[in-house]
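Here the structure of chain A is known, so what remains is to put chain B in place on it, guided by the hints.
Chains as they are written, first to last, in this note's numbering: chain A, 1 to 258; chain B, 1 to 304.
The set of hints was computed from the structure by calculation and includes no laboratory data.
Treat the hints with care, as some may be off.
[What the hints assert, rightly or not] Derived list of chain B stretches under chain A, where covered just means 3 residues or more per stretch with a C-beta under 8 Å from a C-beta of chain A:
#, segment
1, 182-188
2, 206-218
[Claimed, not checked] As a list, the in silico DSBU-like pairs of lysine-lysine whose alpha-carbon atoms are at most 30 Å apart:
#, chain 1, residue 1, chain 2, residue 2
3, A, Lys116, B, Lys199
4, B, Lys302, A, Lys111
5, B, Lys199, A, Lys65
6, A, Lys118, B, Lys205
7, A, Lys16, B, Lys302
8, B, Lys201, A, Lys139
9, A, Lys65, B, Lys201
10, A, Lys8, B, Lys199
11, A, Lys139, A, Lys118
All values derive from a computational prediction rather than experimental measurement.
For glycine and all other residues, C-beta sits at the position ideal for the given N, C-alpha and C.
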Amino acid sequence: MAKRLDIKDLNLFYGKFHAVENVSLAVPPRNVTAFIGPSGCGKSTVLRSLNRMHEVAPGARVEGKVLLDGEDIYASTVDPVEVRRTIGMVFQRPNPFPTMSIRDNVVAGLKLAGVKNKRELDEVAERSLRGANLWNEVKDRLDRPGGSLSGGQQQRLCIARAIAVQPDVLLMDEPCSALDPISTLAIEDLITELKKDYTIVIVTHNMQQAARVSDQTAFFNLLGVGQPGQLIEADDTEKIFSNPGQKATEDYISGRFG
Amino acid sequence: MSTNLADPTRLATPPTFQAVSLSRRIRNGFATTLVWGAFLIAIIPLVWVLYTVVQRGFPVILDGDWWQKSLSGLLARQQGGGAYHAIYGTLVQGLVCGIISVPIGIMIAIYLVEYGGRSKLAKATTFMVDILTGVPSIVAALFVYTVWITYAGMGRSAFAVSIALVLLMVPVVVRTTEEMLKIVPDELREASYALGIPKWKTIVKIVIPTALSGILTGVMLALARVMGETAPVLVLAAYAPFINYNLFDGPMASLPLMMVNERNNPTQAGFERLWGAAITLVLIITLFNLLATVISRALAPKTK
Numbered sequence: 001m002a003k004r005l006d007i008k009d010l011n012l013f014y015g016k017f018h019a020v021e022n023v024s025l026a027v028p029p030r031n032v033t034a035f036i037g038p039s040g041c042g043k044s045t046v047l048r049s050l051n052r053m054h055e056v057a058p059g060a061r062v063e064g065k066v067l068l069d070g071e072d073i074y075a076s077t078v079d080p081v082e083v084r085r086t087i088g089m090v091f092q093r094p095n096p097f098p099t100m101s102i103r104d105n106v107v108a109g110l111k112l113a114g115v116k117n118k119r120e121l122d123e124v125a126e127r128s129l130r131g132a133n134l135w136n137e138v139k140d141r142l143d144r145p146g147g148s149l150s151g152g153q154q155q156r157l158c159i160a161r162a163i164a165v166q167p168d169v170l171l172m173d174e175p176c177s178a179l180d181p182i183s184t185l186a187i188e189d190l191i192t193e194l195k196k197d198y199t200i201v202i203v204t205h206n207m208q209q210a211a212r213v214s215d216q217t218a219f220f221n222l223l224g225v226g227q228p229g230q231l232i233e234a235d236d237t238e239k240i241f242s243n244p245g246q247k248a249t250e251d252y253i254s255g256r257f258g
Numbered sequence: 001m002s003t004n005l006a007d008p009t010r011l012a013t014p015p016t017f018q019a020v021s022l023s024r025r026i027r028n029g030f031a032t033t034l035v036w037g038a039f040l041i042a043i044i045p046l047v048w049v050l051y052t053v054v055q056r057g058f059p060v061i062l063d064g065d066w067w068q069k070s071l072s073g074l075l076a077r078q079q080g081g082g083a084y085h086a087i088y089g090t091l092v093q094g095l096v097c098g099i100i101s102v103p104i105g106i107m108i109a110i111y112l113v114e115y116g117g118r119s120k121l122a123k124a125t126t127f128m129v130d131i132l133t134g135v136p137s138i139v140a141a142l143f144v145y146t147v148w149i150t151y152a153g154m155g156r157s158a159f160a161v162s163i164a165l166v167l168l169m170v171p172v173v174v175r176t177t178e179e180m181l182k183i184v185p186d187e188l189r190e191a192s193y194a195l196g197i198p199k200w201k202t203i204v205k206i207v208i209p210t211a212l213s214g215i216l217t218g219v220m221l222a223l224a225r226v227m228g229e230t231a232p233v234l235v236l237a238a239y240a241p242f243i244n245y246n247l248f249d250g251p252m253a254s255l256p257l258m259m260v261n262e263r264n265n266p267t268q269a270g271f272e273r274l275w276g277a278a279i280t281l282v283l284i285i286t287l288f289n290l291l292a293t294v295i296s297r298a299l300a301p302k303t304k
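Bound-form chain A, shown alone (with noise of 0.2 Å):
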């Protein structure tokens, strides 16, 4: 299930804007690497490209790879719909469809695909809130709509669809920061037991959430506004924490920056 992402001389552009440089990641698999820099460093514009989530933008342009255990998500014949569907993504702000119920929301990615057998859908349901570790807190209530949950209930019930349709990787952009700090808590639990099964790349402002969760960080900068964002340097999040290898990174993790 889990694979690896590599990426290779990554640039990112909104329309002239060359927002992201020269980007060069290796995401090894069953690991969590945590993206962490100042705002508007380009971090989750990165996070977006990996699973051509940056397209969606008027006039976002992509260049350089991105490879799927060595297969290129841009090449010409991909159809960014089947990308998606194996990268999957949670966003910063819980996101429930609010038409539809709790049950229905983390199935809403194979019912839309075509699946009908409501035995399998259920299945696919408990086990996927379960490994959102939501199930006890839901099962009673599973067809109330989503958005009668709290903002962490909702954002691990957006996990648990994220991961109800089997993605081989899972994207996170700050999934904590609209969150009080038990539901951050059970959020990085999460994480640290999806990892088991899951590619993970979480983007963060929270560097102690860095350190904690995640096992290799990469550090993103920005020389100047209007500028592109760069990638100053990526290692085991140990390594980067306490003994990182380039002054910036040194500096924005000691607080000293941004």
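Same frame as chain A, now just chain B:
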């Protein structure tokens, strides 16, 4: 002596808070008077109209025949009969118009919001819709008369009326649908894409259902509006005092047309039919508006 100093009501410094100043009270009173005055000016004619319509029309529609019979075979001064033929005409012309307008309007709105972006075609479409919104109903009616009857050689019919109503309804449907689609957050679209759901399916299964309550409300309100239109029925359909079920041929009554017709009838019977038709039209439109509210409540995304 020291009690004086301990008195908490005695302040050493001037108080921070003071009473509302006189000038502010005057301005407040002036603005309040203006707002209330405007409210009364708006409400008086409304209540007056409703009162007149109900007072004159209500006794007429209490008769069961009103809802079941036409005026077929009755002389102008003869009382009795009903407005079934006109009610049927109004509803069927509105319905046919709705069946044609709603898909066209919704698809235009989907194109504009989901696909058009800032393209030239989208801009041109928006411009056209804007113009069409401002077209008076008599112009739409005369346009249909020219194209459908003069050039295409068709006869005056209920269907011609429906076509003219389509011209009036489509821009309203486009506008409301567009607004409703725009307020569906992009995060929902992205959440759907991230599950590997193609764009068209995202629109059909996620975006439209989320906006459905607002879209249907807009459709019902637009329908209520076009059913009261008088110019198209005057120009495009002849009045018939009998029931005509044929949409494509022959004269067909509708409530506005019946009212215009009975206004030329100076007898007591004409007076009754005129106000009976008026209150019936008001009731039908009110019913549609109520239905719009009910639908919107029933379909709105729930959080409880």
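**Message:** I'd like to know which numbered hints this structure contradicts. Please list them from smallest to largest.
**Reply:** Those not satisfied come down to hint 7.
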